[in-house]
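Could you slot chains B, C and D onto chain A? The hints should help.
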Amino acid sequence: MSELQADRSSGRVVAGAGQRRSAAGADLLIAAIGFAVLVSLPFLFSSKALVDFVIRCAAYGLFATSLNLLVGYTGLISFGHGMFFGLGAYSFGLLMQRTGLSIPAAFVLTLLISAVAGLVIGAICVRLKEIYFAFVTLAFQMLIHSVILSWQPLTGGDQGLRGGIPRPVFLGIDLGNQLHLYIASCALLVVGLLLMRQIAQSPFGYTLRMVRDNATRASFIGINVWRVKLAVFVLAGMFASVGGVIMSLFVSGAYPEFAYWTISGEGIFINMLGGVTTFIGPMVGTVLLLILNDTATRLTEHYGIILGVVILFFALGLRKGLMDFVVEWYAERRDKASTRETST
Amino acid sequence: MTIESKTGESKMGINRRATLALMGAGAMTVAAPWVARAQAKAIKIGMPTILSGRVAQLGTSSRNGVMIEVEKLNAAGGLAGRPIEMVVRDSKGQPQEAARIARELVNTDGCEMIIDGEASSGSFAVQEVARDLGVLCVHTCSEASSLTADPKQRIPNAFRCARQGIHDSIAGGNYAAAIAKAKGLKKWATCSPDYAYGRDTTAEFVTYLKHFAPDVEIISETWPKLFQPDYTEVITRILQAKPQALYSALWGGDLTSFIDQANLYAMFTQMEVFAVNMADYTALTVVKNLPKGIHSGNRYIKTFPATAENAAWGDAYKAKYKEYPTNWSWQNATAIMLLNEAAKKAGSADGKKLAEVLPGLTVKCPFGADGTVTMRAEDHTIVGYAIGWGTTIPTEPYVPEVKAGDWKQIFELEAQWKKSKGYA
Amino acid sequence: MDFDALTGCLVSSACIVTQTTSGLIIGMLLFLVAVGLTLIFGVLKIVNFSHGAFYMFGAYFALSGYQLTGSFIVALLCGSLGAAAIGLIFERFFISRVYGRDVLMQLLVCYAFVLIFDDAVKLIWGPEFKSMGMPAAFQVPPLFIAGGVVPPFYLLLVAVALAVAALLGLGLARTRLGKVIRAAAHNPAMVSALGVNTALIYGAVFALGCALAGLAGALAAPVRSLTPGMGFSVLIESFIVTVIGGMGSILGALIGALLLGLVRSFGSIGFPLFTDGLMYLFMVIVLVARPTGLFGKDLA
Amino acid sequence: MSGQAVIEVKDLDVYYGTSQILFGVDLSVAPGETMALLGRNGAGKSTTMKAIAGLVPARRGRVTFRGEAVTRQKPYRIARAGIGFVPEDRQIFPDHTVEDNLTIGAKKGPEGQDEWPLKSIYEVFPLLEPLRYRIAGRLSGGEQQMLAIARTLMGNPALLLLDEPSEGLAPIIVQRIGALLRQLRARGATILIAEQNMHFCLGLASRATVIDKGHIVYCASIEELKADEAIRHRYLAL
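Chains as they are written, first to last, in the numbering used here: chain A, 1 to 344; chain B, 1 to 424; chain C, 1 to 300; chain D, 1 to 238.
Please keep in mind that the hints were generated in silico from the structure rather than gathered at the bench. Since we're looking at a predicted model, the values are computed, not measured. Idealized CB from N, CA, C, for every residue including glycine. Please note that the accuracy of each hint is not assured.
[To be verified] Rough simulated footprint, nothing fancy, chain C against chain D, three-plus residues with beta-carbon under 8 Å: (1) 85 to 94; (2) 146 to 156; (3) 181 to 189; (4) 204 to 211.
[To be verified] Sample of chain C residues at the chain A side, in silico, Cβ under 7 Å: (5) D2; (6) V109; (7) A112; (8) I116; (9) D118; (10) D119; (11) L162; (12) V164; (13) L168; (14) L172; (15) G277; (16) Y280; (17) V284; (18) I285.
Just chain A, same shape as in the assembly:
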């Protein structure tokens, strides 16, 4: 698993409480700056496509980063993470279409639904190891996809939730307006990333790494491995469902494709593209994949060949994600510089 371990090269030890607090402060600052930059974009560039692009980045980015909590931090390779993306989109869409709830209420309820689903499915899945965990999550994903297709009166079957998702104004926010949706998506993205960052850097986050590196040793020192895995499975599922909510708002609907295995596959691909050893890797991967996708579909209908060649470049050429590559390259340069200094 060595290629997939987050923070592997840094060899960082658990930071003391004081350090952690200041690190959290720094994260908060970065998040605030990031949010400010994102919000200012539509005012600097009048491109509607940029707005769309960032909304999609928010949806996929939250999804992919949450998957990295499982893959990179805990060593749980889930092939079925897309089920939460789909679950989020469908729960939210159905709540809005059928119940007349306000958007925040539907949002919270969606999180709850995903958490419950994650709890039930996770309780079964996290017992299994490695490739079998991957397969059983995939099976659950396909099961949910089958249910969505079959439960036609509720889900609309293969045609998805039709007729648009109503978006009543709340607190002066009108998500029917693309700019409002943009700012809301950015806010969800930044808050979601910030929360996941805090989870990753918390004692719980270090427990995850310990479970990943040596589950037996972790259980010797009194960690309930099953409960830890389940907890992160549920948390990751909730963040993934937020991605689904954003996507459902973007396309104003929910479609069975959102719960298909290909979404999980894209999530994994994004992680490999951006790299899983840094927190920001999946986000970088998201931006890369979306640019790649958008450019390739503009230029050719043989999208498969292009994407295939790019994947091969990353898998066989770089042999790691972009951020992993950058981080290692930077570390090497720094090492060289410091040895030069000491030798002179």
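For chains B, C and D alone, kept in the frame of chain A given last:
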């Protein structure tokens, strides 16, 4: 050089070169895709469709149908004097991609209207984009009735230029009932793909079959999944029910697989088969052992309507693309004819103005039952296209005799159907 | 859900015979694909996500061979050998670079080739679906056995699959090459230290697995339409088969394929709208009860 | 002496990832000689053996076998050149029968010689013959060790590498293995044997090389080593 090309070269050549060119210049082209381009005098029409995967043929033959008319139109001066530039993109059959591409085509590429070559859920996703952006949108592949029939779905700027299952089913029900009565076929089975189109069309067919032949009874229903590779379990189930007749809304490769596999069980000697999607060249030319006498609705067939215009169009298409047109081809070609006629009437290529004149517009068209088709004003969907049923033979002309459907009857029953659905 | 129909079928011998044979037919073709998958996993420890593409290649090569010669035997040879050749190239130049690496990296390389192969088929044979047609020898009426209906072509199919199962089982158990392959599956470094070129073994096993998938594709070509991407649904089902049977176990693949065939054939009567879901449900149940599948060994 | 050595290891460096395990290891074995490579647990004995067999890559240095460089060759090529490796934990194939284990290792020697047909194996290892259809995984540790040696002999090696053949075995079994190896030596075999247990090598090996922390620290006849208490104490904890 991309698939946005307007040239008439064979699509294969273009694609290969585009691919190679892209491989070479990939990095350069990543440059900010959202930089808006200056608008040329040409009018750009965006077209999200499916060009990859199992139904890639939907996209390629749709594009062919569009291009053959666009080239004619451009040679004759274009849409209200502006040459058309088609921008065709592959959604890979994913609704979120279809929505994204449709938005991008309008917002970034400066397309002034959308021809939506998406099927099923993709067309609903594009419909939402059209609702949001207010851009003129013509759906050319989605046969799902609710897309335009349901007032909750309908929007003033979107039109459907495609068959509707309800029309096929009324014509088919009438045709099948006559045969059922003549041959005493009382016990029926159905076998249709388990998705909206398959379910709706089958339910409607059964409704009208029973309407015209009340003593018909459905004794078995089977619902294979879309793109299911193996139908053995379905076939044996139908055989065990021992029906006298079978209705199927399977299409394309699924239909030919079903026929090939059912042939092994000699199914076609044991019952009359009504397969609404059989009489399409995609299926007819591909099946090697086509059983004689399958009843089918027409999809595209150059001998029906039996006019010189239709035959000429089919031959021209075949000469150009080395294959016969599909049902999607004529629907897409008709969309361009309609837009052209609307532009003439409005004296402009402006989408808003076209949307105003399109409702109720009748256009001369080789695929019309009487040489014309009409964009019905009340629900923005085309009517009056050639519709009929006949029996197939394994060689050209494949369907020697097509019994034309009666549009008057279709309208009557369709109106009742809409009422029953709460659409009207 | 239709329990009446299911119980009705279970008390009718004709129905039981017909649905069991149709389960066998569905299962045996899946077995041919799944056994290659399980063999490759067992020996190379690679989850060959691109295995469906070799099924597709098999079908397309068979189609071209049949169109050129009109002989179904030639078509079968073209299908299996063509798929084997592509498999060998794929293994030598790409898969061999990711041996022992992360399972995600291996999957990614396979995924890349799923995309590339599908587009390649689209470029070579065109995007429209094709059909090979039934060879004249098999255009005969079906047989009636114990009240059930069985087409002769499917008898051939089942016979070929069973023969492959028997040959593989015997070959691996009895021949020296088979013994070396099993030893290499268990401990490749040791086999190599005994003077066996394991790269050759890996290449041969991968090619054999692909040949079996290609054979399945060629056998399916007369009755299934050919499209780019046709391998995918078959891949998913054969994955379910191998996972249920236990990754790496040939007997497991056989039993898993039969079980899945039966689940489908009887499931289509009891749960006509949820046959696919039933397969996934079955897989979940098996994995929860036996995490390594019915005949799998613990990997750890 | 180096001119006629069967195997000569020169200046070998081996790394596991970024950590260096062997530092310029030198070693040579003459024809018909039995050499003991002694050292404590973790001193680098097994790594040296594996590096010679090609199972771990050498970063630097060279291994010459019968006058030809085999450094960085693939393990199967090294085996075919005539180096037979019996690994530390035996690594028999547990699901195969005893005879299958043997036949998997069967091949002609580098000159096409076939000194070890099954018949001769069963003569030298009479214990194995009655067990020939037994599943190897069910054998006792001593029987497995015999099988591992026999399996390697089936490949007719010109040099036999034995990694800790006495490890984890009861004293009585160790004696029998020792006797067996003396028998092989008597037949003219060239053997390199890595051991923690010096006493096992007395009366078996003629020379001894001592390795510690990846460095060769001593090389002499085994009698000299036995006499040199300081060295023994320092490097072998005896």
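How the hints compare with the structure:
1. 85 to 94: holds (count 5)
2. 146 to 156: holds (count 3)
3. 181 to 189: It is violated, with 0 qualifying residues against the three required.
4. 204 to 211: violated (count 0)
5. D2: Since the shortest Cβ distance to chain A is 14 Å, the answer is violated.
6. V109: It holds, given that the least Cβ distance between V109 of chain C and chain A is near 5 Å, below 7 Å.
7. A112: holds (4 Å)
8. I116: holds (4 Å)
9. D118: holds (5 Å)
10. D119: holds (4 Å)
11. L162: Because about 27 Å separates L162 of chain C from the closest Cβ in chain A, which is outside the 7 Å limit, the hint is violated.
12. V164: violated (25 Å)
13. L168: Since the shortest Cβ distance to chain A is 23 Å, the answer is violated.
14. L172: violated (22 Å)
15. G277: holds (3 Å)
16. Y280: Status holds, d = 4 Å.
17. V284: holds (5 Å)
18. I285: Where the cut-off is 7 Å and the nearest Cβ of chain A is about 10 Å from I285 of chain C, the hint is violated.
The structure fails to meet hints 3, 4, 5, 11, 12, 13, 14, 18 from the earlier list, while all remaining hints are met.
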